[in-house]
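Asker: Protein chains in written order, with numbering that gives the first Met the number 0: chain P, 0 to 87; chain A, 0 to 87.
Simulated from the structure, these hints should not be mistaken for laboratory data. Any given hint might turn out to be false.
One-sided and incomplete, this derived list gives chain A residues near chain P with beta-carbon spacing under 10 Å [said to hold, decoys possible]:
no. : residue
1   : 58
2   : 60
3   : 68
Negatives, chain P to chain A, calculated, CB over 10 Å [unchecked claim]:
no. : residue
4   : 8
5   : 11
6   : 58
7   : 61
8   : 68
9   : 75
10  : 78
11  : 79
12  : 81
13  : 84
14  : 85
Lysine-lysine pairs mimicking BS3-like chemistry, simulated, CA-CA at most 25 Å apart [stated by the list, open to error]:
no. : chain 1 : residue 1 : chain 2 : residue 2
15  : A       : 84        : A       : 25
16  : P       : 84        : A       : 87
17  : P       : 79        : A       : 79
18  : A       : 25        : P       : 79
19  : A       : 79        : A       : 25
20  : P       : 25        : A       : 79
21  : A       : 87        : P       : 79
22  : P       : 25        : A       : 77
23  : P       : 84        : A       : 25
24  : A       : 84        : P       : 25
25  : P       : 77        : A       : 87
26  : A       : 87        : A       : 77
A virtual CB, placed ideally from N, CA and C, is assigned to each residue, including glycine.
There are 2 protein chains.
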Amino acid sequence: MIELIGLVAGALTTSGYIPQIYSVIKHNSAEGLSGLFLIIMTIGISLWLLYGIIQNSLALIFANAFSLFCLLVLGFYKIKDYYRKNQK
Amino acid sequence: MIELIGLVAGALTTSGYIPQIYSVIKHNSAEGLSGLFLIIMTIGISLWLLYGIIQNSLALIFANAFSLFCLLVLGFYKIKDYYRKNQK
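So here's chain P without its partners, still in its complex pose (with noise of 0.2 Å):
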């Protein structure tokens, strides 16, 4: 029951990032996002995937390899963003 818990808890807020990207995907732009919150949460998640990885916990591993990708894509639209404003 337990270990079930961790892993609907887990399953969520690594696929909560989903509509995030489409929300970003759709509208072009990662206006809304704080640049140093996904500085932040990426450096966080890929300190957890090392952990994941030392640990040999495959669910680690996946689930923040997810994340992580999804917070690479937000952060190339925040990227994106930074190059259009200066351009203008």
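Dock chain A against the given chain P, drawing on the hints supplied.
Answerer: Frame of chain P; chain A shown alone:
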């Protein structure tokens, strides 16, 4: 060492919400945040909090209680956005 990586990872993925809250309060809008992202994350983090309470893990409880508080603040601004839109 491995526990240190976990601690730093947890501290980062928790405190990452602070600049996002700062950005939302500054603009008085959570326009760029996906509502579904906030809903899924809030449920996910609540389950992580429940998991921490059952596991009696103070680290999990503190980290997720703080994240939950941050998500509720962001959700509050998102709801404010919806009301504002509907009034127009």
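Asker: Decide, hint by hint, whether the structure agrees.
Answerer: Results for each hint:
The closest approach between the C-beta of residue 58/A and any C-beta of chain P is roughly 13 Å, which is over the 10 Å cut-off, so the hint fails. Nearest Cβ of chain P to the Cβ of residue 60/A: about 13 Å, over the 10 Å cut. The hint is violated. Residue-level restraint check for residue 68/A is violated (minimum Cβ-Cβ distance to chain P is 15 Å; threshold 10 Å). Residue-level check failed: residue 8/P sits 4 Å from the nearest beta carbon of chain A, not beyond 10 Å.
For residue 11/P, the non-interface assignment is contradicted: its Cβ lies about 3 Å from the closest Cβ of chain A, within the 10 Å cut-off. Here residue 58/P stays apart from chain A, with its beta-carbon at least about 13 Å from theirs, past the 10 Å limit. Even its closest Cβ contact with chain A, about 15 Å, leaves residue 61/P beyond 10 Å, as expected for a residue assigned away from the interface. No beta-carbon of chain A is positioned within 10 Å of the beta-carbon of residue 68/P; the least distance is around 15 Å.
Every beta carbon of chain A lies more than 10 Å from that of residue 75/P, the smallest distance being close to 15 Å; the non-interface claim holds. With a least CB separation of 15 Å from chain A, residue 78/P remains clear of the 10 Å interface cut-off, as annotated. With a minimum CB-CB distance of about 14 Å to chain A, residue 79/P clears the 10 Å threshold, and the non-interface call stands. Residue placement check: residue 81/P keeps its beta carbon more than 10 Å from all beta carbons of chain A (closest about 14 Å).
For residue 84/P, the shortest C-beta to C-beta distance to chain A comes to about 14 Å, beyond the 10 Å cut-off, and the non-interface label holds. Annotated as non-interface, residue 85/P keeps its C-beta farther than 10 Å from every C-beta of chain A; the closest such distance is 19 Å. A C-alpha spacing of about 19 Å is found between residue 84/A and residue 25/A, which places the hinted pair at or below 25 Å, so the restraint holds. Taken as a hint, the residue 84/P and residue 87/A pair is broken in the structure, with Cα atoms around 29 Å apart against an allowance of 25 Å.
Using a Cα cut-off of 25 Å, the hinted pair residue 79/P and residue 79/A is violated, with the two alpha carbons roughly 28 Å apart. Annotation: proposed proximity of residue 25/A to residue 79/P holds, straight-line Cα distance about 22 Å (limit 25 Å). For the hint pairing residue 79/A with residue 25/A, the CA-to-CA distance comes to about 14 Å; that is within 25 Å, so the pair holds. For the given pair, residue 25/P sits about 22 Å from residue 79/A by alpha-carbon distance, which is consistent with the 25 Å threshold.
Annotation: proposed proximity of residue 87/A to residue 79/P is violated, straight-line Cα distance about 31 Å (limit 25 Å). With a C-alpha separation of about 18 Å, the suggested pairing of residue 25/P with residue 77/A holds against the 25 Å cut-off. Straight-line distance between C-alpha atoms of residue 84/P and residue 25/A comes to about 19 Å, which keeps the hinted pair within the 25 Å bound. For the hint pairing residue 84/A with residue 25/P, the CA-to-CA distance comes to about 19 Å; that is within 25 Å, so the pair holds.
Between the alpha carbons of residue 77/P and residue 87/A the distance comes to roughly 29 Å, so the proposed pair goes past 25 Å and is violated. Between residue 87/A and residue 77/A the CA atoms are separated by roughly 16 Å; this keeps the pair inside 25 Å, and the hint holds.
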